[in-house]
Amino acid sequence: AQSVTQLGSHVSVSEGALVLLRCNYSSSVPPYLFWYVQYPNQGLQLLLKYTTGATLVKGINGFEAEFKKSETSFHLTKPSAHMSDAAEYFCAVSRSSGSARQLTFGSGTQLTVLP
Amino acid sequence: ETGVTQSPTHLIKTRGQQVTLRCSSQSGHNTVSWYQQALGQGPQFIFQYYREEENGRGNFPPRFSGLQFPNYSSELNVNALELDDSALYLCASSLGGGGSSYEQYFGPGTRLTVT
Numbered sequence: 001a002q003s004v005t006q007l008g009s010h011v012s013v014s015e016g017a018l019v020l021l022r023c024n025y026s027s028s029v030p031p032y033l034f035w036y037v038q039y040p041n042q043g044l045q046l047l048l049k050y051t052t053g054a055t056l057v058k059g060i061n062g063f064e065a066e067f068k069k070s071e072t073s074f075h076l077t078k079p080s081a082h083m084s085d086a087a088e089y090f091c092a093v094s095r096s097s098g099s100a101r102q103l104t105f106g107s108g109t110q111l112t113v114l115p
Numbered sequence: 001e002t003g004v005t006q007s008p009t010h011l012i013k014t015r016g017q018q019v020t021l022r023c024s025s026q027s028g029h030n031t032v033s034w035y036q037q038a039l040g041q042g043p044q045f046i047f048q049y050y051r052e053e054e055n056g057r058g059n060f061p062p063r064f065s066g067l068q069f070p071n072y073s074s075e076l077n078v079n080a081l082e083l084d085d086s087a088l089y090l091c092a093s094s095l096g097g098g099g100s101s102y103e104q105y106f107g108p109g110t111r112l113t114v115t
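Residue numbers (the working numbering), protein chains in the order written: chain A, 1 to 115; chain B, 1 to 115.
Note that these hints are calculated values from the structure, not bench results.
Cβ-Cβ distance ranges computed for the label pairs, FRET-style:
{"id": "1", "chain 1": "B", "residue 1": "14", "chain 2": "A", "residue 2": "18", "range": "44 to 52 Å"}
{"id": "2", "chain 1": "B", "residue 1": "84", "chain 2": "A", "residue 2": "53", "range": "35 to 43 Å"}
{"id": "3", "chain 1": "B", "residue 1": "14", "chain 2": "A", "residue 2": "115", "range": "37 to 45 Å"}
{"id": "4", "chain 1": "A", "residue 1": "114", "chain 2": "B", "residue 2": "63", "range": "41 to 49 Å"}
{"id": "5", "chain 1": "B", "residue 1": "27", "chain 2": "A", "residue 2": "42", "range": "17 to 25 Å"}
{"id": "6", "chain 1": "B", "residue 1": "111", "chain 2": "A", "residue 2": "112", "range": "22 to 30 Å"}
{"id": "7", "chain 1": "A", "residue 1": "55", "chain 2": "B", "residue 2": "16", "range": "47 to 55 Å"}
A few chain A positions that, by computed beta-carbon distances, are all more than 10 Å from chain B:
{"id": "8", "residue": "12"}
{"id": "9", "residue": "24"}
{"id": "10", "residue": "25"}
{"id": "11", "residue": "28"}
Predicted, not measured: the structure shown is a model, and the values here were computed from it.
Backbone N, C-alpha and C fix where the C-beta goes; we use that ideal spot for every residue, glycine too.
Okay, chain A solo, but in the shape it has when bound:
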């Protein structure tokens, strides 16, 4: 079975400060990992993904994440927070269920950006 743990359900940073959202996963096979962002009353938007290859993955809006197999982590970072980054962030791992490929999500981290 695969699972995702997001440490910290709420994270607050000042505008211009580093954003670090933590994600740890468990997987019996090499994982495919994703970060999604959800703005209020909206669906999920894909920020970035890791499937194979380079372990440092760059995404949209200046976000990046590093896959660390030894630590089973896939933390999301952004050097400088903007007010527009305030949203809920979900880490997800993809696994096969029969012929389907489903996403298993963490419980989410609400990011607040303070002026």
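Position chain B relative to chain A; hints supplied.
Same frame as chain A, but now just chain B:
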């Protein structure tokens, strides 16, 4: 390129009733997945349809059922609604089969309230 669309946006139903939610997949995508997102939680996988067949299911009872049509649009049907069915229902489309990509692209969701 047309994104994933869902209808209706909001819906209020009474316990015991039946509901149908609709989803149009992103242009070029042949796979649709449905997720339930309860308040304050991450999305939970309900099932996936590929080429009009269900090819994977999460831990949801049979009163959750679906259809996929030749144009790859999809419906989610829920019978005998319960209060705990109140949630945001998200549809995600992707490219499955031999040309599988691992990204799923989400629609804005349907907010279902059961009273």
